[in-house]
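A.B. asks: I would like the entire structure built from these sequences, with the hints used as guidance.
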Amino acid sequence: MTAKKTYSGKDSMAALVSENINMLFVLSRFGIPMGFGESTIDEVCGQNGVDTPTFLAVVNLNLQDGPAKNLSDPSLKPEAITEYLHNAHEYFLQYRFPIIKERLKEAMNEKTDVSVVVLRFFDEYIAEVKKHMSYEEKNVFPHVRNLLQGKSDNYQISVFSKRHDQIESRLNELRDILIKYYKGATGHAFNAVLFDIFTCAEDLREHNEVEDALLVPLIEQLEKQAR
Amino acid sequence: MKRFLKCMIVESSDLLYAGLVAMLGQIRAGIQVVRVQDISRLKEQVKQEHPDVLFLNPLCGGGETPSKIKATTDRPDLLCVAFLSDLSSLSVAAEYDAQIGIYDSFEQIRDKMEDLSPKGEEEEKALSQREKEIVTYVVKGLTNKQIADKLFLSQHTVVTHRRNIASKLNIHSSAGLTVYAIASKLVRLEDIGGGMKGA
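Residue numbers (my numbering), protein chains in the order written: chain X, 1 to 227; chain L, 1 to 199.
Calculated from the structure, these hints are not laboratory results. These figures come from a predicted structure and were not determined experimentally.
So, partial list: chain X residues that the calculated Cβ filter (under 7 Å) puts toward chain L: (1) 113; (2) 118; (3) 124; (4) 173; (5) 181.
Straight-line alpha carbon distances no greater than 27 Å define the calculated DSS-like cross-link-like pairs of lysine-lysine that follow: (6) X:101 - L:185; (7) X:77 - X:151; (8) L:168 - X:180; (9) X:77 - X:131; (10) X:111 - X:180; (11) L:125 - X:180; (12) L:185 - X:111; (13) L:185 - X:180; (14) L:140 - X:180; (15) X:224 - X:151; (16) X:111 - L:140; (17) L:185 - X:183; (18) X:183 - L:125; (19) L:185 - L:140; (20) L:168 - X:183; (21) X:224 - X:138; (22) L:140 - X:105; (23) L:150 - L:168; (24) L:140 - X:183; (25) X:183 - L:132; (26) L:140 - X:130; (27) X:131 - X:151; (28) X:111 - L:132; (29) L:140 - X:131; (30) L:140 - X:101; (31) L:150 - L:112; (32) L:70 - L:112; (33) X:105 - L:185; (34) X:180 - L:132; (35) L:132 - L:6; (36) X:101 - X:131; (37) L:112 - L:68.
So the derived label-pair ranges between C-beta atoms look like this: (38) L:28 - X:119: 35 to 41 Å; (39) X:111 - L:50: 54 to 60 Å; (40) X:101 - L:21: 52 to 58 Å.
Ideal Cβ placement from N, Cα and C applies to all residues, glycine included.
C.D. replies: Next up, the structure:
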C-alpha cells in the first residue's frame with residue numbers, strides 16, 4: 001500500500017499523506033494542519049512558514065528503506081530540525097507513552113505477576129527515554145542555537161554520537177517478550193496495545209534517523225565552520 | 001549440548017564405565033560412547049573416531065596428558081575431562097578442561113558438562129538448566145561475582161552464560177529478563193521483591 005518513492009515540492013501534500021499514513025506524524029511535528037485541499041507540498045509549507053527542503057529531507061528520509069545514509073545538505077535549516085525533534089519529544093513523552101501505558105494496564109487488567117513486571121519494564125523504559133531526550137533538550141539543541149548565533153560553548157556533537165542509544169530497540173524487546181511469553185488474557189485490547197508498541201517503535205526509529213542522518217552531520221559542518 | 005554427541009571413555013573398571021555411560025545418557029539422549037580398551041591405541045582411536053569429548057581416568061591413562069593427546073592427534077578442540085575414581089589424581093586433573101569424580105551428584109556432572117558447551121556452535125534457542133539458574137539469580141539482583149560464587153564458576157563463565165542467554169532470548173535488559181523469568185515461571189514476584197523498583 002505504501003508508495004515508496006521520493007517526493008518533491010511539486011507533489012500534492014494530500015497524496016503524500018494518503019500514500020504514507022505515518023507522514024501524519026511528520027506534519028504535526030512541523031506544525032502543519034490538515035485540510036490542504038489540492039495544494040502542493042511547496043505551497044502548504046510556504047503557508048505554514050516551514051522550510052520546504054528541510055521538510056522534504058525529513059519526509060524522504062522516513063520513506064527510505066534500509067539504514068539511512070548521512071545526508072549532509074548544507075541548505076537544510078538546523079533550527080527547523082531541532083524544532084521538529086523537540087515537538088516529537090513532547091509527542092512521545094506527553095502523549096504516546098502515557099497512552100500506551102494506559103492501554104497496557106487495560107489489556108492486562110487482572111493484577112498478575114507478569115502484568116506488574118511488564119508495567120515496571122515500561123516505566124523504566126519511559127524513564128530512560130526521558131533521560132535521553134532531556135539530554136538533547138539541555139545539551140544538543142542549545143548547542144545548535146549557539147552555533148547559529150556564532151557563540152562558542154564547550155559542547156561537541158561527537159560526544160552525542162557516542163552516547164546515542166538505540167531507544168527503539170528496547171521497545172521492540174518488550175514487543176517480542178509480550179509476543180513470545182505473555183500468557184494472560186489476549187483479547188482485542190491486548191492486540192491493540194501490541195500494535196501501538198509496534199508502530200511507536202517504528203516512529204522512534206525514524207525519529208532517531210532524523211537525528212543521526214540529518215541533524216548530526218549538519219552540526220558537524222557548523223562546528224567545522226566555527227573553528 | 002551438541003558438542004557432546006560423541007564421547008570416548010578411558011576407564012578400566014567395568015562398573016565405573018557403565019555408571020558413567022548411564023549418567024551421560026540421562027544428561028542427553030542419543031550420546032554415542034566409544035570405550036578405549038587398550039591405552040596404547042588411544043591416540044589412534046581419537047583420530048579414527050573423532051570424539052567430541054574424551055573422559056580419561058588418569059589412573060588408567062598410562063601417563064597420557066590432555067596436552068599431549070591434543071597435540072599428537074591434532075585435535076586442539078577435543079574436550080578432555082578427568083574422570084576421577086581416586087583423590088590422589090586431583091593434582092594432575094587441573095590441566096583437564098573439566099573434572100568429574102565418582103562422588104559427584106548427577107546435577108554436578110550435568111552442570112559441569114553444560115559449562116563446557118557454551119563456546120560451541122550450538123543454535124538451540126531454549127535455555128539450558130544452567131542458563132535458567134543464572135537468569136533467576138540475575139533477576140534477583142545478584143552480581144556476576146555473587147552468581148559465580150554461588151555456582152562455583154569463574155566470573156568469566158558467568159559472563160559467557162549471560163551473553164548466550166541474551167542472544168538466545170534476544171533480551172538485553174535486566175527488566176526484560178525479569179518479565180521473561182516471571183512469565184516463564186522461573187521466579188515469582190515475591191522472590192525478586194523490590195529488586196528493580198524505579199531502576
